Amino acid sequence: MGSLSGWVMIAVTAAGCYALKLAGLSVPAHWLEHPALRRFAALAPVALLAALTAVQTFGHDQALTIDARAAGVAAAAVALLLRAPFLVVVIAAAAVTAGLRLLTG
Amino acid sequence: MRGVTTTLPARSTGAVVRDALAVSLAVGVSGVAFGATATASGFSVAQTCALSLFVCTGASQFALVGSVASGGSPVAAVAGALLLGARNTFYGVRLADLLKPRPMLRPVAAHMVIDETTAVALAQPDRRSARVGFTATAIALYTAWNLTTLAGAVGAGLIGDTAAYGLDAAVPAAFLALLWPRLAEGRDQRRTGLVAVVIALAATPLLAPGVPVLLALLAIPAVVLAARTRRAR
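Quick mapping for you: the protein sequence lines, in order, are chains A and B. Numbering-wise (my numbering), the first sequence opens with residue -1 and increments by one. Numbering-wise (my numbering), the second sequence opens with residue 4 and increments by one.
For reference, chain A alone in the conformation it holds in the complex (with noise of 0.2 Å):
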């Protein structure tokens, strides 16, 4: 990366990305005093991590594809449903995918 026009880019991506996060964080409190805000923003969390994890699940570039992944976050999904912990859920997910992968070479 030519070095001064990578470091100016990596210089505005970290600024431009600090921005944004201070900015969700200093909303005024009294903004959130309003039914209708405060609403959208308990349920925003919900929506962007739940199509995160469709998109990191099923997305493949800009192609949906069903692959080791799905079968490994199903196994996940079914590991919540008999309320495994946390972490065997994860090991679950990885395990899977890993193991499908392995005997699909």
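I should point out that these hints are in silico values taken from the structure, not numbers from a laboratory. Quantities reported herein were computed from a predicted structural model and do not represent experimental measurements. Any given hint could turn out to be false.
Some chain A residues judged to face chain B by a derived CB distance under 8 Å, without partners named [what the hints assert, rightly or not]:
1) Gly4
2) Trp5
3) Leu23
4) Leu41
5) Leu47
6) Val53
7) Thr55
8) Gly57
9) Val76
10) Val87
11) Val88
12) Ala91
13) Ala96
Cβ atoms here follow ideal geometry from the backbone N, Cα and C, with glycine treated the same way.
Since chain A is already given, all that's left is putting chain B on it; use the hints.
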């Protein structure tokens, strides 16, 4: 405070910290993949480490180096990274209410307002354990992410492909597990999650990376309006 009332039993500090460490381990390891990708895309080791230290939001970092690697202009690369970083703003709004951080701590905490810390904080039953969860995840993840970035940047070949260990499935599984208590909590949460998934997946083939996840926010007005219509009938 909706969503963090006493419907769930209180949790010990140890249990919360264990969650934080598990997430940091699962996600932190993908720092290896980032370090390797960035150096392969032409970033120096110092630049790669600077990205993890100062940008510190994985999806944006991957987008930036991916865009550069595929010959995109610097402006397009930065724009893509910021687009992906925009969801952290919404996390911040939620965390401001959930954690009520002291004004002095805000600038420090802001650096770690990301997917993982939000998910762990959100999974806790009360403010005290949400604060413990946020802080523990922030420290453990920042450490793991930066160390593994360095490892990936200097010795990419030594660790091999992290996909072989199924870590690319461990990350969404961790998010699912952290969302679970919220989804179990109420119909609106479940509906919002479900509609968000449908929107994001439908939009993935059509829109630039990062946009589908942001677009999923439309699930909230959709679910709220539907509930209102049902009540009016």
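A quick look at each hint next to the structure:
no.: 1; hint: Gly4; verdict: holds (6 Å)
no.: 2; hint: Trp5; verdict: holds (7 Å)
no.: 3; hint: Leu23; verdict: holds (4 Å)
no.: 4; hint: Leu41; verdict: holds (5 Å)
no.: 5; hint: Leu47; verdict: holds (5 Å)
no.: 6; hint: Val53; verdict: holds (5 Å)
no.: 7; hint: Thr55; verdict: holds (5 Å)
no.: 8; hint: Gly57; verdict: holds (5 Å)
no.: 9; hint: Val76; verdict: violated (11 Å)
no.: 10; hint: Val87; verdict: holds (4 Å)
no.: 11; hint: Val88; verdict: holds (5 Å)
no.: 12; hint: Ala91; verdict: holds (3 Å)
no.: 13; hint: Ala96; verdict: holds (4 Å)
The earlier numbered hint that this structure contradicts is number 9, and it is the only one.
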